[in-house]
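Number of protein chains: 4
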Amino acid sequence: MAKATINPKLAAELAIANRILFNEGVVDGFGHVSVRDPGNPKRFLLARSMAPGLVTPKDIMLFDDRSEPVDPRGRATYLERYIHGCIYNARPDVMAVVHSHSPSIIPFGITPQRLRPVYHMSGFLGDGAPVYDIRDFAGDTNMLVTSVALGDALARALGHNVVCLMRGHGSVAVGQSLQHAVYRAVYAETNAKLQSEAMRLGAVKYLSPGEAKLARDSQDRVLGRAYELWTRSAGLKK
Amino acid sequence: MAKATINPKLAAELAIANRILFNEGVVDGFGHVSVRDPGNPKRFLLARSMAPGLVTPKDIMLFDDRSEPVDPRGRATYLERYIHGCIYNARPDVMAVVHSHSPSIIPFGITPQRLRPVYHMSGFLGDGAPVYDIRDFAGDTNMLVTSVALGDALARALGHNVVCLMRGHGSVAVGQSLQHAVYRAVYAETNAKLQSEAMRLGAVKYLSPGEAKLARDSQDRVLGRAYELWTRSAGLKK
Amino acid sequence: MAKATINPKLAAELAIANRILFNEGVVDGFGHVSVRDPGNPKRFLLARSMAPGLVTPKDIMLFDDRSEPVDPRGRATYLERYIHGCIYNARPDVMAVVHSHSPSIIPFGITPQRLRPVYHMSGFLGDGAPVYDIRDFAGDTNMLVTSVALGDALARALGHNVVCLMRGHGSVAVGQSLQHAVYRAVYAETNAKLQSEAMRLGAVKYLSPGEAKLARDSQDRVLGRAYELWTRSAGLKK
Amino acid sequence: MAKATINPKLAAELAIANRILFNEGVVDGFGHVSVRDPGNPKRFLLARSMAPGLVTPKDIMLFDDRSEPVDPRGRATYLERYIHGCIYNARPDVMAVVHSHSPSIIPFGITPQRLRPVYHMSGFLGDGAPVYDIRDFAGDTNMLVTSVALGDALARALGHNVVCLMRGHGSVAVGQSLQHAVYRAVYAETNAKLQSEAMRLGAVKYLSPGEAKLARDSQDRVLGRAYELWTRSAGLKK
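Protein chains in written order, with the numbering used here: chain A, 20 to 257; chain B, 20 to 257; chain C, 20 to 257; chain D, 20 to 257.
If you're looking for bench data, these hints aren't it; they were derived computationally from the structure.
Chain copies aren't distinguished; within one or between two, either way the pair holds.
As a list, the in silico DSSO-like pairs of lysine-lysine whose alpha-carbon atoms are at most 27 Å apart:
1) Lys77 / Lys256
2) Lys212 / Lys224
3) Lys61 / Lys28
4) Lys232 / Lys212
5) Lys77 / Lys61
6) Lys77 / Lys28
The task is simple: from the sequences and hints, build the whole structure.
The following block contains the structure:
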């Protein structure tokens with residue numbers, strides 16, 4: 020059957036993105052990253068349920084627009100695969116999604132402080148990242164996005180932003196390519212760390228909305244420079 | 020004599036747990052982890068007195084329900100082996116115990132702040148970890164749990180929880196398996212770090228008791244994913 | 020043509036400085052370091068546009084006093100090469116320039132706190148590092164120093180100091196040699212981290228201006244000891 | 020001449036101590052450690068002027084009780100060798116001295132907060148470490164202990180303690196053996212980090228003087244367990 024055909028180049032790129040996210044400290048044993056299939060935009064690629072740092076191309080599976088595996092063959096899938104499918108449905112511009120519990124971001128999801136851009140590397144944070152609180156939609160839960168309904172609620176919270184925090188859980192970062200989503204996941208974490216430090220020193224001068232936009236546009240064009248380094252640092256290229 | 024027979028598979032698993040705890044930064048030159056012998060629940064396995072990061076299967080010894088070595092053969096034992104025996108006596112559900120001085124937890128044992136779950140990874144902290152202060156039982160000491168009496172007092176402080184802090188010393192984490200105890204030791208440390216950070220930003224929204232319970236149940240079923248990664252990261256599996 | 024001749028020894032030293040700055044955590048995928056050509060002081064050496072941690076001698080290019088490449092041969096150049104040329108023009112004593120986004124310094128560029136020397140290693144900070152805010156000169160920008168006008172403004176903000184912070188961006192460190200500029204970039208970062216920590220504990224006793232000057236003079240003479248270590252740590256010498 | 024004969028076993032042990040201190044993050048390109056010659060207690064061994072992480076047994080030199088090299092053969096010596104000689108003169112019980120700029124300790128030397136033991140690992144801090152301020156003895160200086168007079172002042176500030184902080188500079192840790200001095204340098208740094216964190220959470224319950232003494236006595240007997248690990252971690256033993 021043709022329907023479960025996975026683009027091998029895209030699967031290889033997705034495996035690399037998994038390894039980079041682990042090597043750069045964005046994900047640990049948990050977290051995941053997906054990429055939309057440009058040849059069939061209603062489908063996306065995502066690893067089977069496993070630690071992202073161990074993912075290889077043969078672990079990549081194909082999912083449909085209800086976030087269900089096209090050809091599961093008995094493989095376990097992430098409970099939170101709905102994060103990905105629902106965002107792809109809501110945001111045609113998004114080609115890749117990272118979900119992580121990166122540590123410096125967690126405090127901004129559980130306190131009144133907003134994650135805002137402190138420097139040009141994270142202009143993509145605009146005037147601040149929104150926060151999704153699963154309790155608002157479903158009361159007491161295991162905190163996980165385990166259904167289309169919860170995934171749709173998260174996608175609505177994300178809105179037109181590229182990063183959305185998840186209260187008591189983690190965050191998502193999206194982009195027009197795998198490289199963009201990974202870059203934003205890395206620098207949202209770095210920004211959170213720097214912002215926490217800065218807030219303890221005194222009143223913080225954030226990027227203005229105009230600076231944030233211009234910085235984002237500028238960084239969007241040069242982030243391949245970091246991606247090349249991350250690929251080598253993860254031992255994925257000599 | 021049959022009495023000192025050590026299950027070789029269990030000894031191998033315990034050596035791996037030692038190495039993981041060191042590699043993940045939970046223990047340094049000190050700290051220890053034990054596992055109850057399922058074939059003889061009044062006994063438990065624990066390394067001889069040595070740095071956990073260097074433990075191999077041949078360093079594993081067997082201890083009885085008074086926390087004394089069954090077949091010492093001159094090997095030095097941990098002064099605090101009573102931590103393990105006393106908890107196994109008090110908690111038939113516990114199959115493994117980790118004792119560590121992991122750094123981010125120490126501040127929560129010496130200040131009025133309680134360690135509470137900030138995200139789904141640490142739902143096992145429930146409505147907050149109790150603190151055992153050895154001074155309450157024995158006045159000035161070297162801070163170590165060096166007797167059955169002190170071990171029993173610690174087990175009482177632990178109660179039905181899975182993590183208990185020790186004032187001016189460290190903590191214990193327990194579980195229904197080695198993997199569960201190790202997972203909790205790792206994420207109690209991570210939670211402490213995140214909670215400290217969050218408390219400096221403002222009022223913290225912790226997991227509700229209901230969320231904590233549901234998140235714990237959920238994570239209890241998927242933590243093998245992290246354990247697989249930790250095993251490989253410690254160089255214990257190709 | 021003789022004009023693009025690059026001193027191979029100097030190019031090799033510059034490649035080493037790039038690798039050290041990455042290995043010591045001063046630069047990540049971004050940032051750059053240059054060295055003035057002593058044989059032609061109106062020119063300086065700088066890598067082509069790439070991650071500093073990957074720079075080798077063959078990636079080094081030559082730039083003129085307008086910060087334009089002498090012999091580009093189609094290679095991409097850093098957008099912010101003007102930082103280097105403008106400082107060399109303004110400061111004949113400067114032989115090397117590091118530009119980085121090292122993390123602990125960022126908070127001092129976006130809050131009212133001044134970066135000041137907390138110990139003898141960073142006496143070069145004198146009575147505090149100045150801050151350059153690009154917004155004062157150009158309103159909303161992408162935060163980057165992308166022209167001679169902006170580079171000249173930065174050089175004026177630097178004045179006679181050896182470190183200048185850049186609001187919402189990073190910093191520059193300069194020196195009478197590559198070793199001096201690298202040493203200052205490393206210890207400005209370390210000082211920032213220590214100063215942040217100290218300020219949370221209470222009133223800080225900084226080095227007096229006299230101590231700062233004497234400490235700087237003294238460290239300027241022994242920093243080769245650290246440079247030797249950094250070179251080996253980066254795997255650049257057996 | 021017999022006078023410059025260096026005990027090769029002691030020189031080897033001192034080289035190991037240098038490498039451990041670097042590997043454990045106590046020293047960077049600067050800092051030093053010495054050991055008294057038990058065969059000639061008026062003399063001590065110390066490396067030539069170089070980064071401690073690179074020291075090998077052949078770099079070890081012999082110094083007299085005025086802290087001058089017995090047989091220099093043109094080798095450069097540390098400017099601050101007086102730290103060592105003056106402490107050995109004042110404290111017959113001390114057999115080893117570590118001088119470092121370990122990062123978490125610096126803030127306690129420049130603020131009114133005292134470094135005090137937060138847990139059993141650092142009972143050696145007693146009721147708090149004293150602080151030596153070179154400015155009190157010599158006004159504005161380069162902050163370095165570059166004479167017998169300054170070394171004697173430091174030794175007086177140390178008094179009967181085993182750790183003494185140096186304002187705007189670093190600290191010294193001493194012991195009845197190399198292992199004891201190294202252990203104290205490592206855990207004074209760790210204690211500083213934990214104490215800083217704890218002070219931000221609220222009122223800190225430190226070890227009582229009685230607990231500190233008992234904990235110190237207890238740890239003094241088991242620290243070989245950590246030293247074995249550190250030796251292996253530094254790649255100095257298979």
